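Student: Next come the chains, spelled out residue by residue.
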Amino acid sequence: MQKETLRIHCSNGHLGFAPTKEESFWIGARTKPDYYCCDSGSDDIGPVPLGADKCASHREWQKHDLELMLLASRQQGVPMVIGSSGDTGSNSRVDMYVDFIREIARKHKMKKFKLAYFYSEVDKEYLRKKMEAGEAIEGLDSRSNLTLEELDKTDRIVAVAGVHPFIKALEMGADVIIGGRSSDACVFAAPAIYEGFPEDIAYYCGKVLECASFCAEPYGAKETVIGTITKNDVKVTAMHPEQRCTVASVAGHAMYERSNPYYEHVAGGMLDMKDCVYEQYDEKTCRITGAKFVPVEGKIKVKLEGSGKVGERYLGMAGVRDPYTIKHIDEVIKWAKDQVEERFAGKEYQLSYRIFGKNGVMGDLEPVKESKSHELMIIVEGVAPTKEVAEEVAMIGMRQIFYARLPEVKGTAGTAAFVLDEVVEVSPAYQWTMNHIVTVDDPMELFKVYTTEIGE
Amino acid sequence: MKTVKLVDLAKTIRSKNAGTDRITFDIIFREKENYDLVRKSGALTKGAIAKLFDIPESRIVDFVEFGPAFAIKFTINRLVPSGSFGEGDIFGCQQYPPLLDIEIPV
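As given, the protein sequences belong to chains R and D, one line each in that order. Going letter by letter, the first sequence gives residues 1 to 456 in my numbering. Going letter by letter, the second sequence gives residues 1001 to 1106 in my numbering.
Don't read these hints as lab results, they were simulated from the structure. Honestly, I wouldn't trust all of these hints.
Stated by the list, open to error - Taking lysine to aspartate or glutamate and the DMTMM-like style, the derived pairs with C-alpha atoms no more than 20 Å apart in a straight line are: (1) R:Lys337 to R:Glu392; (2) R:Lys231 to R:Glu4; (3) D:Lys1005 to R:Asp141; (4) D:Lys1046 to R:Asp95; (5) R:Lys274 to D:Asp1101; (6) R:Lys369 to D:Asp1062; (7) D:Lys1051 to R:Glu370; (8) D:Lys1051 to R:Glu4; (9) R:Lys410 to R:Glu331; (10) D:Lys1016 to R:Glu366; (11) D:Lys1046 to R:Glu331; (12) D:Lys1032 to R:Asp275; (13) R:Lys369 to R:Glu331.
Claimed, not checked - So the derived list for chain R, only partly shown, Cβ under 10 Å to chain D, looks like this: (14) Ile167; (15) Met172; (16) Gly173; (17) Ala251; (18) Tyr281; (19) Thr285; (20) Arg354; (21) Pro367; (22) Ser371; (23) Ile379; (24) Glu381.
For clarity, every value in this text was computed on a predicted model and none was experimentally measured. Beta carbons: idealized from backbone N, C-alpha and C, even for Gly.
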C-alpha cells in the first residue's frame, strides 16, 4: 500500500569526510524514519582521489558512519542507501564499502539481509568508440567538447548516476544499497520515487537533505536532519537540540556549492526551484512547496568526471623574515626558477611557487598588490614524469631561495628559514580532465547493479 | 556620500567550488532592508566584481539576486580546474575576503 508520508533520515552531508555526530543521529533514529540515506562523495576534494583511486576520508570515520546507519536501519528493518561511496564512487571504493558492511554485520552478528551495489566507472574505450563514430561528448561549465587527446590523458572516469540504479536496486529488494558515483540529491529522490511520490517532491527532498545539517542554523556540520514528504510538500526538521531549519537556512542552502540557486541538473532532467515557497512550519521545521522537476526531452544525458595524472610531485617550504628580501621576493623567486631551468633546460618539468603572506591563497585574483606581511611562507611544488626529477626540481627550487643573490641583503648566511631541510613526496599531481556529458539510450547502460546476501 | 562596508550589512559572505571549474560567491542578508539597500546601491554589480578581482566580465558566468534567501550570488570560471598543479585553494572557500570591504552608499 502506498505511504501517505515518507520520512528520510540524513546524518552526514559527506559520509566519512568527518565523523557523524551521534547524539542527533540517535534522536533522529528514535523517530523511526522510513529510510536512512547519505551521500559519501564530492568533486570538491580535487582530482587526486579519483585519479589515484583512493579516499580523501579516513577509513575509521567511514566505518563509524556506516556502522551507525547499518545498526539503526537493521534494527528497524528499513532500507539504508549510500551514494558516491568512498569520496569518488569509483569501483574500488564501492567494493571497499561492501566489505565494510560485511565486516560490521559480522561484528554485530546481524541476521541475513540483501545488499545491492552498483558501479559507475566508465571505460575509456566506450567513449572513444562514440567519439570516433562522430558523437560529441559535450563539455559542461564553459568547457569545450571532449577531445581524444583529453581522453588519452584521463586515468579514471566515473559517470554520475541519477535515480535509476537506486530504484533498480530497491526493486530487487535491497535492504542496503552501496552506490557508485551519483548525484547527491538522487540518493534521496530514488526511494521517494520508488515509494510512489511525485518527482517534483522527490527531487526537491533530495536537494534539501543532501548536505544534512548544512540546511539548518546555527551552523554546525555532521548533524542529522529528517525530511518528511507528502504528495504536496517537503518538510525538513533539524534533529540536534540546538539547531533549527528556518526559511533563511533552508533557502540559503539552496545556493550552496552551485552556480545558480534556481536550477539543479541530474541525469534525467532538471529541478526548477524558481517558484519555491518556504514557510516556517514549526520551531525546528521549514516547509517547502512549489519545486518542479522537468524531465529531459529526448535521450538522457549523464555527467562524466575524469581525472588524469600530470606527474610525480614533491613539495618544499621556505620561510622569509628579512624585510629587504620580502620586498624583493619576486627577484628571489626568479633567481630560484633560473637555477632549476639551468639544470633541467629542455627536460619536462613544472615548478610552482605559492607565496603565503603575498598572494598564496588567491593568486591572480588577489586585489592586495602590496604585501604588508613581516614574514612569508613559500610553498614550492615540483612536478615531473619521474620521482627523481620531481624531487630535484622541488629541492633546487626550495634551496635556491636560501642562496638567492640580492645585492644589499644584510643576512649573508642564508635568505630562507626551513621548517624541514628536505622536500616531501606527496600524491602525484592530477588534473580534472573531464567535466562533460554523454548521451545514453538507456540510463542503466553505464551502471551495473549486483546483489549479494550478507549476515547469518 | 556616506558609505558602509558590505561586511557590516551581510550575515554571510562566502565562496566555494561549484563543480570542478567554477567558484561561486554568496552574499546573504538577515534583513530584507539590507538586501534591498545593497542590490539597489549599484555598488555590487558584475562590473564592480570584475574590477575588484581584475578579471574580464566574461569570466563571471552567473550573477543572480535570490529573493527567498535575501541573497546575491555570482559565479566565476576558474582558469584551470580545482586541484590542478599550482593550486592555492582546492575548495575555493577563501576567495571571498575582498568582498568584505566593498563600500555601499547609504
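Student: If a hint holds in the structure, say so; if it does not, say that too.
Tutor: Checked hints:
Restraint check for R:Lys337 and R:Glu392: the C-alpha separation of about 13 Å stays at or below 20 Å, so the hint holds. Taking the CA atoms of R:Lys231 and R:Glu4, the gap is about 8 Å. The hint holds against a cut of 20 Å. As the CA atoms of D:Lys1005 and R:Asp141 are separated by approximately 32 Å, the hinted pair breaks the 20 Å bound. Distance hint between D:Lys1046 and R:Asp95 is unfulfilled; the C-alpha atoms sit about 46 Å from each other, more than 20 Å.
A hinted pair counts as satisfied when its Cα atoms are at most 20 Å apart, and R:Lys274 with D:Asp1101 does not qualify at roughly 31 Å. Restraint check for R:Lys369 and D:Asp1062: not satisfied, since their Cα atoms lie roughly 27 Å apart, outside the 20 Å limit. Of the pairs offered as hints, the one joining D:Lys1051 and R:Glu370 holds, with about 17 Å between alpha carbons and a cut-off of 20 Å not exceeded. The straight-line distance between the Cα atoms of D:Lys1051 and R:Glu4 is roughly 53 Å, outside the 20 Å bound, and the hint therefore fails.
At most 20 Å may separate the alpha-carbon atoms for a hinted pair to count; R:Lys410 and R:Glu331 meet this at roughly 16 Å. A threshold of 20 Å between alpha carbons decides the hint, and for D:Lys1016 with R:Glu366 the separation of about 16 Å falls inside it, so the pair holds. Restraint check: the Cα-Cα separation between D:Lys1046 and R:Glu331 comes to about 35 Å, which exceeds 20 Å; the hinted pair is violated. Between D:Lys1032 and R:Asp275, the direct Cα distance comes to roughly 19 Å. Compliance with the 20 Å bound is thereby established for this hinted pair.
Proposed proximity of R:Lys369 and R:Glu331 is supported: the alpha carbons are some 16 Å apart, at most 20 Å. With a least beta-carbon distance of about 25 Å to chain D, the hint placing R:Ile167 at the interface is violated under the 10 Å criterion. With 10 Å as the threshold, the beta carbon of R:Met172 stays out of range of chain D, its nearest partner Cβ sitting at about 32 Å, so the hint is violated. For R:Gly173, the interface hint is violated, since its Cβ never comes within 10 Å of a Cβ in chain D; the closest pair sits about 35 Å apart.
Interface restraint check for R:Ala251: the shortest CB-CB distance to chain D comes to about 4 Å, inside 10 Å, so the restraint holds. For R:Tyr281, the interface hint is violated, the least distance from its beta-carbon to any beta-carbon of chain D being 16 Å, above 10 Å. With its C-beta approaching chain D no nearer than about 17 Å, R:Thr285 sits outside the 10 Å limit, and its interface hint is violated. Hint on R:Arg354 holds. Least Cβ distance to chain D is approximately 5 Å, under the 10 Å limit.
Evaluation of the R:Pro367 hint against chain D yields a held restraint, the C-beta minimum of about 5 Å falling below 10 Å. Because the beta carbon of R:Ser371 sits about 15 Å from the nearest beta carbon in chain D, more than 10 Å, this interface hint is broken. The restraint placing R:Ile379 at the interface with chain D holds, with a minimum CB-CB distance near 8 Å, inside the 10 Å limit. Taking 10 Å as the C-beta cut-off, the interface hint given for R:Glu381 holds, the closest approach to chain D being about 6 Å.
In the structure shown, a violation is registered for the earlier hints numbered 3, 4, 5, 6, 8, 11, 14, 15, 16, 18, 19 and 22, in ascending order.
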